[in-house]
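Enquirer: Spelled out, the chains give:
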Amino acid sequence: MGDFLWLIPALPLMGAAVTGLLRRKLPPRHIHIIACGTVLSAFVLSAVGFLTLLQIPEPQQRLVIQSLYQWILTVWQHGRFSLEVAFRLDPLSVSLCLVITGVGFLIHLYSVGYMAGDESEGRYFAYLNLFTFAMLLLVLGDNLLLLFVGWEGVGLCSYLLIGFWFTDLEKARAGMKAFIVNRVGDFGFFVGLMLLFWALFDKSGGLVTGMRFSELQECLVLLKSAQPIMGISLVTWVALLLFIGATGKSAQIPLYIWLPDAMAGPTPVSAFIHAATMVTAGVYMIARLHFLYSAAPAALALIAVLGAATALYAATIALTQDDIKRVLAYSTISQLGYMFLAEGVGAFTTGIFHLITHAFFKALLFLGAGSVIHAVHDNDMRKMGGLNRYMPVTYLTFMTAFLAISGIPPFSGFVSKDEILWAAFTSSLPLPWLGPILWLAALLTAGLTALYMTRLICLTFMGRFRGSREQENKLHESPPVMTVPLVVLAVLSLSGGIIGLPAFTHLPNLLADFLAPTLGALPVGSEGAHSAALEVLLLVISTAVAIAGIAAGWYLYVRQPQLPERLAQRFSQTYRLLLNKYYVDEIYQAAFVRPLLKLVAFSGHFDLRVIDGAVNLTSLLTRKFSFVVGFEDWRIVDGLVNGIADIVKRWGARLERLQSGKVQHYLYSVVLGLFVLCVFVLLV
Amino acid sequence: MPYSLASYLTVSSLLFCLGMYTVLTRRNAIAILMGIELVLNAAALNFVAFSRFLQAVEKSAQLSGQVFTLFIIAVAAAEVAVALAIVLSLYSKMKTIDVEEFRQLHG
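Chains A and B are the protein sequences, given in the same order. Residues in the first sequence are numbered from 1 upward in steps of one, following the working numbering. Residues in the second sequence are numbered from 1 upward in steps of one, following the working numbering.
Because the hints were derived from the structure by calculation, they are not lab data. Glycine included, every Cβ here is placed at the ideal spot set by N, Cα and C. Careful: at least some of the hints might be erroneous.
[Stated by the list, open to error] Computed Cβ-Cβ distance ranges for the label pairs, DEER-style:
1) A:S660 with B:Y91: 31 to 37 Å
2) A:Y666 with B:S92: 23 to 29 Å
3) B:S92 with A:L667: 37 to 43 Å
4) A:S660 with B:I30: 17 to 23 Å
5) A:R657 with B:V11: 23 to 29 Å
6) A:Y666 with B:I30: 18 to 24 Å
7) B:S92 with A:D633: 56 to 62 Å
8) A:Y668 with B:A74: 52 to 58 Å
9) A:G652 with B:L24: 43 to 49 Å
10) A:V637 with B:Y91: 41 to 47 Å
Please construct the entire structure, taking both the sequences and the accompanying hints into account.
Expert: In structure tokens:
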């Protein structure tokens, strides 16, 4: 496997190159085969890698590293810095690879149906393949800088794909917004990276040769002994700065604002971004650097709090949105909050677990929504309804995902979410009461999730169709190329929980055992019978909350459909606050964008008036001065020269007449001269 | 009746002036040649007159004036022959004998 590892990211890259360069030459069918085929091959290779790792009997040895070539090598007096392009296959990266290529392949396949007939299909698949490549590079890179390359790569691809229909200004803007917000986060990430490098370099006396993860882990002791900056330890600084990058990529407070707009891109792209790539980057990065974060408990606590806050906050916004994809986008933000909560309380495995199950059901939800949009040609849920009769496959698979995300046992979302709740409740955070509070927030989020998902289901699939007659006549089930991925994802959403069964069942937690060599054992669930009873209790509570949420949704949107409106009128202020997403975009606009624009305007003004003025004044003075100089040169110097020449010329012209060639003139002058001579002689 | 030297010189200077005037004002080359002849005649007349009136003062001056006059007449004849040849050759080249037109030699 060690020799073929590079093929996993390289295959989609080759696909991107071929489809991108030959997109006008190749027929669509070939483009589909290349784009899907490369991702499928990468999936097969990932599976081979997975089996290879499993065959290594000693879990601690489950690691394959392939070094391709030396990327950077700098040697100077005090040490050397060398960086390799190396890929690392370990339980963590192989899990992510399987999700990216597996779910990614299904999304590629689905796109064949969804994008059929689009004039830029070739470009679309090239971008999608490139996205897969960048994400795989991020996951497989063996050092932090290579991870950063992939990190930036997914940022670029998200920009390209969100703004895919760039002729529509609103969609192009959404792409730019995603890109710029991510740049803000990436700046933090980069500063963290540089700080880490500087500290390591400083501490190790220049012996640190690269940013490899194993090396970082070994050097952690050095980092811990570093001088604190402004009273905060260096590890915490690095952890927090890198986390800023994660808030951008993984859409956490405060940099989540790009994700809801990101649904401007084609729906499979939304599924790809929300499920298998991009937003999982932050979660993966923290899991990858878990040793660093474990050494910074304050940073971890902050991540947990921010995660829980994001989860609850986004869930409240999702309650009021009318755009089907927007609801799902906020639900993604909310679910990502769960993942960060898990990582924040030290349950890195659980975060990855939820990442995987979430990838299944969120991809399914988005692809289902895409299927619905494909039929209705509208995103607005107010114009849907009763679609279960027209699209049975989409309906059934969507219901699976709905039950999974709402946390109904035994669907996959239930298992992973409850592991998070359990981890939060039993966590040993710096503040003892913080765990239960986080748990409560997460529980509330679970109830809200069930509620808004029920609302989405009711508005979309239940009741009567509320769109136009014309739309109703065109309603149809999507082609098999779209429904097959839905069915596969539905099966995964249903059964995905098997890989991480809770401790009280006394069945092996496959994922936790598999990831243990990389991420360490679960911090929870190993405390004996007492905690098993507690775990069951928490399970029951969360299930009850989820069912209550669904019941409330069903009551509100099926039994009493006019009640939500009355509630909205009753609590109109709260409703409007939620509908407008807490006015955060407006606040950003007022706090950052407008002052910046003002600064830009001022700078422009300054440039125009002061700098240009100075330049123009100088030029004016120069012009005047040179005019004087020129005048002097022209009139005085040239005048002198020309004057002399003129005088000579004029005299020449006069003297010329003396030599007229006329004999008589000569003779006349001779006579005149004689006469003068005579007179002179006579007089003197 | 005896004529004084002054009257001869007066005639001579009149002849000279008329000749000179002709030379300076005429455009016709032949006329100019004729003017030159007048000037030469004025000179010859002077020689003859001085020769005649200065004989009493100095014996040795006898006849020398007349000889000069004969030379002048010979030289004038030769000169006219040469000049006429030049004028004729000019005419054959330029189809004119107007001296104003003869400017090829000017600088």
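Enquirer: It remains to establish, for every hint, whether it holds in the given structure.
Expert: Results of checking the hints against the structure:
no., hint, verdict
1, A:S660 with B:Y91: 31 to 37 Å, "21 Å, violated"
2, A:Y666 with B:S92: 23 to 29 Å, "24 Å, holds"
3, B:S92 with A:L667: 37 to 43 Å, "24 Å, violated"
4, A:S660 with B:I30: 17 to 23 Å, "22 Å, holds"
5, A:R657 with B:V11: 23 to 29 Å, "37 Å, violated"
6, A:Y666 with B:I30: 18 to 24 Å, "19 Å, holds"
7, B:S92 with A:D633: 56 to 62 Å, "59 Å, holds"
8, A:Y668 with B:A74: 52 to 58 Å, "29 Å, violated"
9, A:G652 with B:L24: 43 to 49 Å, "27 Å, violated"
10, A:V637 with B:Y91: 41 to 47 Å, "56 Å, violated"
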